[in-house]
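In order, the protein sequences belong to chains A, B and C.
The first sequence finishes on residue 469 if you use the working numbering, and the numbering steps up by one all the way, no holes.
The second sequence finishes on residue 1383 if you use the working numbering, and the numbering steps up by one all the way, no holes.
The third sequence finishes on residue 2375 if you use the working numbering, and the numbering steps up by one all the way, no holes.
Hint data in this document are derived by calculation from the structure and do not stem from the laboratory.
Just so you know, not all the hints are guaranteed correct.
To be verified - Reference excerpt, derived from the structure (chain C facing chain A, CB under 10 Å, subset only):
no.	residue
1	T2017
2	A2021
3	S2068
4	I2155
5	L2162
6	V2197
This structure is a prediction, so every number in the text was calculated from the model and none was measured.
C-beta atoms are modelled at their ideal positions from N, C-alpha and C, and glycine is treated no differently.
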Amino acid sequence: MKISFEKINALWRGQDDFRVRLLNCGIDLKAVCLDTMCDDAKVSDFVLQPLAYVNDVLSIEDVERRLAVGTGVRKPPNLYSAIEDFTNGYTLIFDGEDNCLSVDTRTVVGRSIAEPPTSMVMRGPREGFVEDIKVNLTLLRKRLKTPNLKVVNLTVGKYTNTAVAVCYIEGITQQRIVEDAVQTLESVKVDGVLDSSYLARYLDVNKTWLFRRVGSTEKPDIAVGKMLEGRIAIVVDGSPMVLTLPYLFVEDMQSPGDYYENSSMTTLSRTLRFISVIASVLLPALYVCLQVYNYQIIPLRFLITVLNASEAIPFSPLTEMILVLIVFDILREANLRMPSAVGISLSLVGAIVLGDAAVQAGLLGAPAVMIGALSGIGLFTMPDNTLILSLLRLAVTFIGGVMGLMGVIISTMAIVVYLASMQDYKTPFLAPFAPDIPEDRQDSVKQVPVPRMKRRPKSIPNENSQRRG
Amino acid sequence: MDKNRVSVDQLSLMYLLLLMGGKFLSLPSILASDVGHDSWLAMAFSFMWDGVCLCMLLWAIKINRNAKMDIGAILDKSVSKPVAKVIFVIFFVIFVLRTNILLASTYKMFSVTFDVSTNWIVYLIPVGALAIFAIAKGFNAIARTAQLFFALVVISVIALLVSPLSEVKLTELLPVAEAGWGKVLWTSYFRSFWFSDYIFVYFVLDGIKIKKHVFAPMLTSFAVGALLAITLNAVFVAIFGHFAPDFDMAMSKIGVFSAASTTNGRWDWLTLSIWLVSVFLKMIVFIFCAYKCVEKIVGAHFVKVNWISISVVMLTLLLPLFVTAEDILNTVVKWGLIPFTLVQYVLPLLMPLFTKTAVFKSEATDVSPRKVSAVSAREAQHE
Amino acid sequence: MSNLKRLFVVIAVIAVTIAIAGSFEGSNVLDRAIILGIGIDLEENGGVVMTCEVVSPGNGTEQVGTFSKTVTVSGGTVNVALQAVSELTGKETSLGQCVVLVLGSEYYENVDFSDLTEYFINHHSLKESVVMCCCEGTAKDLFDKGNALAQSVSIALSSALLDHAEKIGVPANNLLKFTRSQNELSRTGYLNKVNFVPSDNTDAQLPDKTLGYIGYREIAVFRANRYVCTLDRQEVKGFSLLSPDTVGETFVTYLDDVTRTLQVTNKEVKQKPDGKGGLEITVGLTVRYGRTDSEQVSGAFTAKNDKEIDPKLLKDVEEQAQTVAEKFLALQIERNFDLLDFHDIYRQKEGTTTALVNKPMEDFPVKITVTVKES
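Chain A on its own, in the form it takes in the complex (with noise of 0.2 Å):
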């Protein structure tokens, strides 16, 4: 559709923040912005400064020329771009021949880097992402000083026209991901994008209903890591949240800050994330299950004390962990709603009144309350699928509860099988583990120290397997 200052000005004619400046400077020049998104000073400098007091501007290509002081002046090819641009406080002149250009009069709203609240390293870089997609691109150019950083702009959401930035190493990165990813992100069709996680669902290509597909960071460092692996690295306008594909699921279990530190802490950090976060799903059922049906396994001694504990207790094993498990996540749920300095005392009442007035009170069984709250620490060493967990491990003590350890055993091995049947954008959602990829063990649960690990992880394709050269 052709552009015309008609067609701009009938749109947003009425609105208390459209301008419409007229200049003449050699032939009539109409220029518009939306002073809501523009920077004064910038419009000024950039537009109305240039042309000022002068007369020999001829047609829009003086214009242009004189413009040149402005960062951003370029001719936008169609309608639909110029009100992109419009929108996002570009100012638009226009000749009286409907020809247009546009300006970078932004203005830039926004906090500044800081480090992100969600991954604090002990060591390591403490720059996070923030709301806007120039400074987070910035972020990655700061530290991908290559021609090989390629990014493929697209634009998403029918009223928001979020900015979407596809970031990805040329040469390292397989080019059929890039592609996977850039077609499904335009065949998006959405009113509007908030944040990147509303893209994440669509960039799963499986839709699965349980665990997340893709990965997330609010860490430039980690992007790029990640990047340098042959993933790609999705940015969205308006979310400090830069989204990462393809993912596996030990990914989740990688802290930032494991690269930082010595790799056998490392391997032993998460050695001990690993097996709190299967002992924190199968521990609740297993103490069902156990004082249902097998109390023979339960240490002698131990056994006394839990029996003494749930003696005066009106609810069956079941009941009781399934109600300890439930408050914990009430608890966890208001904690994460409530203000920090509420949360303090709202952590408190929980832990003392809840847990031990409960105890106390005859209504829960101290072993049950300790072992609710250990299961329900050891999830928080998975930050992204703590949710999706804490589901499982409800439905995996129910299971137990009533059907004993074949219940345990069954969900289990559903669980496994579901997870192991995942394969998004070629990539074993288990990889290394299952289908077992001996190279990329590496950098699974055990790390080797950096400088031993000279390939690429195969699990995610790519184009260029050795790290140097």
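Guided by the hints, dock chains B and C onto chain A, whose structure is given.
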């Protein structure tokens, strides 16, 4: 991606789990009642025969390397369609019976050892649901599950094996072949129904991805699995001696001496539960194979789960409602010994020949066999 | 339609879940009477009196001697008695955590208890490794000594016999080994004979309270589930010396009027057929000066100096060992029982034959050689 594709490594790990799963339920006591403390010998003979057949089957896999024909195509082309159908019917019966026996043994184990009392149908529902879910997700997912559980299962079996060692006097197994070699050999043949776990390989023939070796990983798995099975059997008989035939849940009893102290509790049952994963996996694989048999018998190719076929398989698993496991073993298995032996032990010997014939015929008639879509080298690396 | 279908699926899933949940029956651990130990005595009319130590929760955290109580019932058979326990406690009896079986003297001396061992060995929940022993007097009296022992009688008994006995030169037995011994080859085996040993009460607050310990240095011999005889201390020592699993036997020796106690820290026992139907047994003992704090671990605590043991003392130990071993072997022949599995040595060669099963102990001439060295 073909969801039934599987690499040789995955196949061999799965084979190892299948070798161990199910052999320590009621088989040790049955063998002990047949030949007393020589049961390990009977087992060893069965495994020797298994080894020979496995080698031949692996050879056939090698011949089939490029053609990637499935068992249906191979048999159709080499022995004619009607004979192939008969073979599939026998296979179907074997798989269904073996699944039934496994189910009945685990049912008994759960009710006797783990105090889980329920009725057969309610017991079957979760197991069947798991099997159907796994079949829907494909053999590849099953193989990956096996890969994930493999180390755990092997460690738990070794833990169960090591813990009672202080109580074991291997001199209990002397004199060798007290029951007589003839009887040992006969038992080994008569109980062959429990062996030849490699038969599941027939049904994934078209999806086996071969990178380098075929023989080495599979035979290693076989050797380790057979060794563990024989050792566990020997340890069981050595511990329980005179009473071995009475304890028909060998695996739940073998760790009874593991508790070093009085008050430790039966932690061996937790390791036993991990081992049970391999039993369930074996059931899943057998149900998968039975389902594939139905596919071959009706001559169709199911892309998604075919509910009629899977229902037929599930209905056959209601058999123990009408006949006890002992009756199945004493009647059906006894009658079917010869046809079963034919497909379990004679067919593998002829498989290289059949495969060669089929490959030759398909090349001659230029009718391209059902091939798996070409796999890029990158993909092959993944598995 | 699709909404209806979805509703149908949801209802079906819920129905199946409820059906499955309702069809699995487990029992809460609190609904079980968890039996820690079983004592069997003889009822006057020939039935059994069963004393069970049952876990009794509700006494706070685990405290010495207070988490269990004993229940005594009588019945024709063990099964009836267990049912009676169930009736009294109002809970399902569970033997899964049972750690000890005790036979009272009146019971084992007068009754053929084949059916009892058979019942227990085939009991699906009872561990075959459970410690089995017999006692002086009635089992009920023994189980009633919980307060005197200040701990659970069952746990005290089983930890003494299972964890400790073989380290101080007392062979110990369990249900499976005993039952096998009563059914295979010579059909002879043994049980530890335990008794309550009272100690002086120095408690001024409760001067009438009985205090004491459990002793287990005697061994009773059984053939085909019938009592044969009891070994005295010397015979037990002989038996222990010839058993490969035990260590810790002590020998008191004298050198220049100074008493020295030597303790066996390691032992090697070899039995082999002599080719003439008999056996050659070689016992190699490793001894050192006895130290009370390291009875079970050879060399973990060494003496303050490496003073060598005088060869005369070693010789003395050798003679003493030879004497007690021969005394025990003589008793084996006299009472015709086979605790050292001589029959099994020949079974390994010939297999189980009627001739072997019926072979009396006097047909096994034994040549025993003891060697002693310093550790």
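We went through each hint and held it up to the structure:
This hint holds: T2017/C has a C-beta 9 Å from the nearest C-beta of chain A, less than the 10 Å allowed. About 5 Å separates the beta-carbon of A2021/C from the nearest beta-carbon of chain A, less than 10 Å, and the hint is met. Hint status for S2068/C: holds, given a least beta-carbon distance of 8 Å to chain A, under 10 Å. Given the 10 Å rule on beta carbons, the hint for I2155/C holds: about 7 Å separates it from the nearest Cβ of chain A.
For L2162/C, the suggested interface contact is broken, since its CB lies about 13 Å from the closest CB of chain A, more than 10 Å. For V2197/C, the interface hint is violated, the least distance from its beta-carbon to any beta-carbon of chain A being 25 Å, above 10 Å.
Violation of the numbered hints given earlier is confined to hints 5 and 6; the remaining hints are satisfied by the structure.
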